[in-house]
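Sequences and hints are given; from them, build the entire structure.
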Amino acid sequence: MRLHVYFKLATNAYVQAFLAGSQCRPSYTSLPLWTQLPWEKIAKRPIDHIPDLYLSHVSLDHRIKGLARLSSDEGRSDEIMRLISTSWETDRQMEELYQTLSSRIWFSRTDYAGRYLRSICDIDTHLEFCATFADFDTAMIASWLWALQASLWSKMVYLYDLLAMKHNQDVATGTANTLLDDLTPNVPQLTYQTNWIDRVYRLLASVPFYLQPRYQITSPLIIATPLGLAYRDLLSQPQFEAEKQAIASVLNVLTDGMMAYRRSLMANTVDTV
Amino acid sequence: MSNDINRIQLFSSFLETAVPKGTTCPNCEWLFVLHSTQATSLALQSSIAAMCLAAFGKLNADENLQHESAITHKQALLATQAALRNPLVSYSDDTLAACEALLLYDFYAQDTYSDGTVYLKNLEAFSRLVYLRGPEQYKEGLAHSLFRNARLLEA
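Chains as they are written, first to last, in our numbering: chain B, 5 to 277; chain A, 820 to 974.
In case anyone wonders, no lab produced these hints; they're calculated from the structure.
For glycine and all other residues, C-beta sits at the position ideal for the given N, C-alpha and C.
Certain hints may be false.
Label pairs and their computed distance ranges (CB to CB) [as the list claims (entries may be wrong)]:
| hint | chain 1 | residue 1 | chain 2 | residue 2 | range |
| --- | --- | --- | --- | --- | --- |
| 1 | A | N879 | B | E44 | 53 to 63 Å |
| 2 | B | L239 | A | E882 | 35 to 45 Å |
| 3 | A | Q857 | B | D202 | 42 to 52 Å |
Non-contacting residues of chain B with respect to chain A, defined by C-beta distances greater than 10 Å in every case (computed) [said to hold, decoys possible]:
| hint | residue |
| --- | --- |
| 4 | I51 |
| 5 | S63 |
| 6 | R80 |
| 7 | E99 |
| 8 | V161 |
| 9 | Q241 |
Written out as structure tokens, the structure reads:
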């Protein structure tokens, strides 16, 4: 399922059911031949790392789904440890890319983004900050990274939960011969990753930036993709129903509603970011 | 000749209106690269025209332009299908660019209540074409910028 088509699908009940059952699938573009050969003559730009990170994430997602198919407990525990290790490596790569942009991203403590979103669509989410960017490319990379971080971190939380559950089972059945800390000596503890929903808020707080008239009518195509990724992840998180609905509403507005809104914006000279 | 000039002006206006300025983002860069090269095939010329007309029709809520874009789109589809069937040009950069322009047409011309089926099928065909050309075909020029965008579309 291609994420950027979510912009036209998000509010349809049938499609929501379809999305719930959809799977990320590894693509040929993740093969080394396809990630390296086209860049033999031209160096990758920062934005070109986003598809690479996305593909790593898809592969991770695929392996997590495969955990249920592993028959032995031991094999499962080993695979969980390997997945955790891969997650940290992907997290490091994302952070490295994010650090190259961080001086070009600003957060204002204002409810402007929340008010703005509430003025264009029916959402119940209150944002306490607004994100602005030095330029369009920075915005695009940051939005993608926030969506990918939210997704990756929620999966890391899930993997650590699995690990703890396995340990508790072993303790209960008397088969544990070591403490969890001993079992996972090289696994760092999760810290800020547990608050992965913050990255979804950042993503929502960046939407007004894309809706500036100067970014014209192509920007919805660009922001819709990371929003689609966040939306899909929230499908399995019932505690964040309001956030999921907020994204669905924004995605809807990004289509025809946005065009109408922009025309009224131009006519009434409403303030922009 | 005057048709050529009209097409070039239409494309220039589209870039001026529809694309964020000064960006290197893959979704947009290929359009600037395309603009700086001469589109010679009928498939590419008509696909660009359909995409531009659909964008203007949408932005201005102009039914005449939307109608015009739908007519141009039919011509573009036929020309692109013919190009894809012709082994001499099926793997050319022009044909790939025509497919990508037709995808953008779908984006601009989308119906609010569309289920996205047509778009998804066209995207599938586009992805297959990218794959069949092979990775060595995307090292520079228009092909490289088309591939950068294709990777994002694959997401």
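Results for each hint:
1. Between N879/A and E44/B the beta carbon distance is about 43 Å. The supplied range of 53 to 63 Å is therefore violated.
2. With their beta carbons about 37 Å apart, L239/B and E882/A fall inside the hinted range of 35 to 45 Å.
3. Distance hint check for Q857/A and D202/B: the Cβ-Cβ separation is about 49 Å, which falls inside the suggested range of 42 to 52 Å.
4. Listed as a non-interface residue, I51/B fails to keep its Cβ farther than 10 Å from every Cβ of chain A; the least gap is roughly 6 Å.
5. For S63/B, the condition that its CB be more than 10 Å from all CB atoms of chain A holds, with the nearest at approximately 13 Å.
6. R80/B, annotated as away from the interface, keeps every beta carbon of chain A farther than 10 Å; the closest lies near 29 Å.
7. For E99/B, the shortest C-beta to C-beta distance to chain A comes to about 20 Å, beyond the 10 Å cut-off, and the non-interface label holds.
8. The beta carbon of V161/B sits about 23 Å from the closest Cβ of chain A, which is more than 10 Å, so the claim that it is off the interface holds.
9. The claim that Q241/B lies off the interface holds: its Cβ sits roughly 21 Å from the closest Cβ of chain A, which is beyond the 10 Å cut-off.
When each numbered hint is compared with the structure, violations occur for hints 1 and 4.
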